[in-house]
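Chemist: So you can see what is in the structure, the chains are spelled out below.
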Amino acid sequence: MNAQVEHETKTTRRRPGFIAFSFLLAVTLIAASWIYILFVEEASLFALFSEKNLEHTREFLFSMMGIGVEEPAFFSKESWMNALRLTYETLVMSILAIGFSVIGMVLTVIPASANYADGTLMLAKKWYSRLVYGVIRILYVFSRAVPELIWAMLIIFIFKPGILPGAVALALHNFGILGKLCAEVIEDLDMRPIRSLASSGAGKTQILIYGIIPMVMPKFITYILYRWEVIIRTTIVVGFVGAGGLGQQFKLSMSWFHYTEVTLLLISYFILVVLSDFISEMLRKAVQ
Amino acid sequence: MQKFVDLHKRNLLSGLLILVFVWSLFSVNWGPDLFHSGGKHTILQMVKSFFQPDLSPEILQLAVTSAWRTLAYAVTGMTLAILLAVVLGVLASGILYNGKQRIWVKSSLRGLLGFMRAIHELVWAWLFVAAVGLSPFAAIFAIAIPYGGILGRIFADMLNDVKPEPIQALQSNGASRLQLLCYGYFPLAAADMISYTMYRFECAIRSSAIMSFVGLGGLGYQIHLSLDDLKYHEVWTFIFFLIGLVILVDLWSRFLRKRLVS
Chain A
7 MNAQVEHETK TTRRRPGFIA FSFLLAVTLI AASWIYILFV EEASLFALFS
57 EKNLEHTREF LFSMMGIGVE EPAFFSKESW MNALRLTYET LVMSILAIGF
107 SVIGMVLTVI PASANYADGT LMLAKKWYSR LVYGVIRILY VFSRAVPELI
157 WAMLIIFIFK PGILPGAVAL ALHNFGILGK LCAEVIEDLD MRPIRSLASS
207 GAGKTQILIY GIIPMVMPKF ITYILYRWEV IIRTTIVVGF VGAGGLGQQF
257 KLSMSWFHYT EVTLLLISYF ILVVLSDFIS EMLRKAVQ
Chain B
95 MQKFVDLHKR NLLSGLLILV FVWSLFSVNW GPDLFHSGGK HTILQMVKSF
145 FQPDLSPEIL QLAVTSAWRT LAYAVTGMTL AILLAVVLGV LASGILYNGK
195 QRIWVKSSLR GLLGFMRAIH ELVWAWLFVA AVGLSPFAAI FAIAIPYGGI
245 LGRIFADMLN DVKPEPIQAL QSNGASRLQL LCYGYFPLAA ADMISYTMYR
295 FECAIRSSAI MSFVGLGGLG YQIHLSLDDL KYHEVWTFIF FLIGLVILVD
345 LWSRFLRKRL VS
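Residue numbers (this note's numbering), protein chains in the order written: chain A, 7 to 294; chain B, 95 to 356.
Chain A extracted, bound-state conformation (with noise of 0.2 Å):
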């Protein structure tokens, strides 16, 4: 009870520690990255609305929106065509990305977890699991700090472009986080319905089967819905470098100075996005 007792005192008196030195660190990052900014890098904010800056702007924005331009690109029946064509294309790397992400996500999920290194999960323990454990979060911490881009620049090496290598690239940032995600979800599962599988002589595959995969099955498919949303949206990144699809386009136009055509090819991106929005949130009430 006392040692209880001196542990909470122990805990509240730290607490309020480290959250005052958080404050202070995010304080000292924050002015020094604006001096940073505003004195060495010498950005100026007004430098901005310069006189030519603000017609340059109002060109690029009159550009974009078709006025003064012979044949927008949004009045041809062409470039729609063109447009929707490389939006099932943006739509078919985001499915494909998903995919892969997901297989290499199942393929390393329970050993990933605490509880099945330290023998809680399948009340087993082997001696090299804990060692697998630290392999596999390795290769998640790994595969998430990456940005997708930075993937997608280094396999641009190795693959022709097309939309292959960006579902490849995206697939891999994803991997690491749907695995870090998916992960948490088994470390956090109610431990009981397992320990009665366990007790009525079940066993491994059959806890793995009738224990674990029922119960994991909604959240995981949340968190697949809800990063296939976050793809989405970065598949137009990754196109940037040559990976295929809308981003492609979009560099490429955007190189030609073709700003009508820019406009269209945003226009598909945004209604590709909300359209993926409303699917995923659909398909997640159907879940739950």
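Calculated from the structure, these hints are not laboratory results.
One thing to keep in mind: the hints can contain errors.
[What the hints assert, rightly or not] Derived lysine to aspartate or glutamate pairs resembling DMTMM-like cross-links, with alpha carbons at most 20 Å apart:
1. B:K134 / B:D323
2. A:K291 / B:D251
3. B:K352 / A:D194
4. A:K257 / A:E48
5. A:K132 / A:E48
6. B:K142 / B:D286
7. A:K225 / A:E287
8. A:K166 / B:D323
9. A:K210 / A:D196
10. B:K352 / A:E287
11. A:K186 / B:D148
12. B:K352 / A:E235
13. A:K166 / B:D344
14. A:K291 / A:E235
15. A:K186 / A:E235
16. A:K166 / B:D127
17. A:K58 / A:E48
18. A:K210 / A:E193
19. B:K103 / A:E84
20. A:K257 / B:D322
21. A:K210 / A:D124
With the hints as your guide, set chain B onto chain A.
Modeler: Just chain B, lined up with the frame of chain A:
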């Protein structure tokens, strides 16, 4: 019976999702054409240089300054995003006003927040660079807009999910709406808001790193340059710095979250 139907709905849905994935596999032209002719060799080289990153002093110094720049863009972008999110989030939660215009204001602001976050930060960055030229502010605004959208929506949800009892207690003591916000809603939602902001800060570092793609400096820019020169040893050095930065922020936010939630 209801449970039985639910179970089947779930299995049906999983089956459907798997089918969609299998169908998407058919749209790829599987074959030897998929790889560059030197692809295999490149993989080997990349893997080899992974174990021997370039650790010469010049590269390390460059990596440190680029990492700092990446961090600075992320921090400044997040500062603006938080300001945007607090203002728009409070307005979009609809706690400051009631009556007829409430629903109208709420839904239009939520639409605005949705629009801000629907477009990826790199697309925003590109549009800014095209409109105002290369300036750190292009990166900062490009981070501030989508992150302001995400944070704003989540803040609005968190303010709406605050327990009603303390708010009613304040209300019955005659607190004005602004007082309710300062002494009721904010203190109650602060822990959640801060931990979500920290999580997003980690994402902002990654976003800031890829801003270099449109020509703005930072770790991503160096990775890009080294890749163009096929110097994989340097590429990995910069990637390791990026990973280190992300892990540091992740650890910080994890400790802070633990302290705030408990």
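Chemist: It remains to establish, for every hint, whether it holds in the given structure.
Modeler: Results of checking the hints against the structure:
1. B:K134 / B:D323: Holds - the C-alpha atoms of B:D323 and B:K134 are around 18 Å apart, at most 20 Å.
2. A:K291 / B:D251: holds, 18 Å
3. B:K352 / A:D194: Satisfied, since the Cα-Cα distance of roughly 16 Å is no more than 20 Å.
4. A:K257 / A:E48: It is violated: about 29 Å lies between the C-alpha atoms, which goes past 20 Å.
5. A:K132 / A:E48: violated, 59 Å
6. B:K142 / B:D286: Answer violated: B:K142 to B:D286 is near 44 Å, above 20 Å.
7. A:K225 / A:E287: Given that 20 Å is the threshold and the Cα spacing comes to 14 Å, the pair holds.
8. A:K166 / B:D323: holds, 19 Å
9. A:K210 / A:D196: Given that 20 Å is the threshold and the Cα spacing comes to 17 Å, the pair holds.
10. B:K352 / A:E287: Distance of about 29 Å is beyond 20 Å: violated.
11. A:K186 / B:D148: violated, 30 Å
12. B:K352 / A:E235: violated, 28 Å
13. A:K166 / B:D344: violated, 34 Å
14. A:K291 / A:E235: Satisfied, since the Cα-Cα distance of roughly 15 Å is no more than 20 Å.
15. A:K186 / A:E235: holds, 18 Å
16. A:K166 / B:D127: OK: A:K166 and B:D127 at ~8 Å, within 20 Å.
17. A:K58 / A:E48: holds, 19 Å
18. A:K210 / A:E193: Within the cut-off at roughly 17 Å; holds.
19. B:K103 / A:E84: violated, 41 Å
20. A:K257 / B:D322: Holds, because 18 Å separates the two Cα atoms, which is no more than 20 Å.
21. A:K210 / A:D124: holds, 16 Å
Consistency note: the structure conflicts with the earlier hints numbered 4, 5, 6, 10, 11, 12, 13 and 19.
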